[in-house]
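Engineer: Here are the chains, one letter per residue:
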Amino acid sequence: MNEQNDNSDIVEITDKDMNSQEVYSDPFADKVPLDADLIPETPMDGTVVHETPMEETIIHEMPIGETVVQETPMGETITHEVPIGTNAGVSASLLNREESEHFRTRWNEIQGKFVDEPRSAVQQADALVSEVIEQITKMFSNEHSSLEAQWKQGNDVSTEDLRKALQRYRSFFNRLVV
Amino acid sequence: MDNTSIIIIVVLVVVIIGAILGLVFARRKRSEQLHEHFGPEYDRTVQTVGDEKKAQTVLNERQKHVETLEIRPLSVSERERYLADWSAVQSKFVDEPGQAIVDADRLIIEVMQIRGYPVSDFEQRSADISVKYPGLVSNYRGAREIANKNKQQQANTEELRQAMIYYRSLFEELLKPEQVVGEEKKG
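Protein sequences appear in the order of chains A and B.
Mapping of the first sequence onto this note's numbering: position 75 corresponds to residue 75, and the numbering continues sequentially without gaps.
Mapping of the second sequence onto this note's numbering: position 144 corresponds to residue 144, and the numbering continues sequentially without gaps.
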């Protein structure tokens, strides 16, 4: 029977679907770096990865354009230059990994709840999206102050600083406008 | 006629009446038991076959059939896997409600098959379910109806959501570790 033959596919289909939902259902999701990091490390269980604080801080706190020391999961220490410019726009999420995971977990809970309580699920989704937007706004105002410091120094500001400031704005812009 | 003959006749009559009463009582008790066990399914079967006696035969046969099956509970890891699968299907509903109920139906068949039920056709499945989970067979049928409606693109989202809830009520029972037959599931 048809039903029988297809049974084995159910799990795969739904799993894939879950993953793709995670990516596409959240307009603020950072598609490239987070997921790309997850796959090679622990393909079976994504949650484990979120507990690696080293990586988290590096990705989100590293000042663009500066040289940082990155500790790889293997324990090997490497030094590299963070690329300035176009790559910067896609190399960081708007939210840090912890926040993203937190929001994502909540999103998944809401989505799973829809079947039982559609109305309340929608209400909660509304609240969650507002919260995410608020968080991003907060993040921008922080970034904004530091950016301003870079280019609002009267007439002394060098073209090079302005160029870097513009790149940082672009980075932020790119993360907002995908 | 001597006294002995009269006594024998009286005793015989009493015994025969007693036997007849016993039979009637036993049959009534059996029918009560069936009614109690199957609940609304009992009335439904009577309606379908059109005769209470025939319905009782049908239900008796269902019970006998299930007794011949070797039903096993799921292992802990199987249960966990299916719980996760169910969550995934339920989440999927938001994007593809129709496909989600198809998947939910398949998950039920899969679990039934693993546990040792013959899953060849819907009638067989629902008959077995009516024995093991009499209170839930109407949900299973209800979900099936909506699923069929959905195949003709006639089911709306709310109906599909209801089907998910119907399926889940059965799915959860199928996943439970111990077998509770009938008694606690009426209503």
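It should be emphasised that the hints constitute simulated quantities derived from the structure, not laboratory data.
It cannot be assumed that every hint is accurate.
As the list claims (entries may be wrong) - Simulated DEER-style distance windows between Cβ atoms:
#, chain 1, residue 1, chain 2, residue 2, range
1, A, Val178, B, Gln47, 24 to 30 Å
2, A, Leu128, B, Glu123, 42 to 48 Å
3, B, Gly116, A, Glu134, 27 to 33 Å
4, B, Ser77, A, Arg170, 47 to 53 Å
Claimed, not checked - No more than 20 Å apart at the CA atoms, straight line, and that leaves these computed lysine to aspartate or glutamate pairs for DMTMM-like:
#, chain 1, residue 1, chain 2, residue 2
5, A, Lys113, B, Glu80
6, B, Lys151, B, Glu173
7, B, Lys29, B, Asp2
8, B, Lys149, B, Glu96
9, A, Lys113, B, Asp121
10, B, Lys54, B, Asp128
11, B, Lys151, B, Asp128
12, B, Lys176, B, Glu67
13, A, Lys113, B, Glu172
14, B, Lys151, B, Asp95
15, B, Lys149, B, Asp95
16, A, Lys113, B, Asp51
17, A, Lys164, A, Glu148
18, B, Lys151, B, Glu172
19, B, Lys53, B, Glu36
20, A, Lys113, B, Glu158
21, B, Lys64, B, Glu159
22, A, Lys113, B, Asp43
Ideal Cβ placement from N, Cα and C applies to all residues, glycine included.
Engineer: Does each hint fit the structure? Answer for all of them.
Structural biologist: Hints versus structure:
1. A:Val178 to B:Gln47: 24 to 30 Å: violated (59 Å)
2. A:Leu128 to B:Glu123: 42 to 48 Å: Roughly 45 Å apart at Cβ, these two residues keep to the hinted range, so it holds.
3. B:Gly116 to A:Glu134: 27 to 33 Å: Given a distance of about 53 Å, which is not inside 27 to 33 Å, the answer is violated.
4. B:Ser77 to A:Arg170: 47 to 53 Å: holds (49 Å)
5. A:Lys113 to B:Glu80: Judged against 20 Å, a Cα distance of about 19 Å means the pair holds.
6. B:Lys151 to B:Glu173: Since the Cα atoms of B:Lys151 and B:Glu173 sit roughly 26 Å apart, the hinted pair is violated (cutoff 20 Å).
7. B:Lys29 to B:Asp2: violated (40 Å)
8. B:Lys149 to B:Glu96: holds (16 Å)
9. A:Lys113 to B:Asp121: violated (31 Å)
10. B:Lys54 to B:Asp128: holds (18 Å)
11. B:Lys151 to B:Asp128: The hint is violated at about 25 Å.
12. B:Lys176 to B:Glu67: Holds - the C-alpha atoms of B:Glu67 and B:Lys176 are around 19 Å apart, at most 20 Å.
13. A:Lys113 to B:Glu172: holds (16 Å)
14. B:Lys151 to B:Asp95: holds (17 Å)
15. B:Lys149 to B:Asp95: holds (19 Å)
16. A:Lys113 to B:Asp51: Violated, at roughly 44 Å.
17. A:Lys164 to A:Glu148: Holds - the C-alpha atoms of A:Glu148 and A:Lys164 are around 12 Å apart, at most 20 Å.
18. B:Lys151 to B:Glu172: This hinted pair is violated, its Cα atoms lying about 25 Å apart.
19. B:Lys53 to B:Glu36: holds (16 Å)
20. A:Lys113 to B:Glu158: holds (14 Å)
21. B:Lys64 to B:Glu159: Not satisfied, since the Cα-Cα distance of roughly 35 Å exceeds 20 Å.
22. A:Lys113 to B:Asp43: violated (35 Å)
Comparing the model with each earlier hint shows violations of hints 1, 3, 6, 7, 9, 11, 16, 18, 21 and 22; every other hint is respected.
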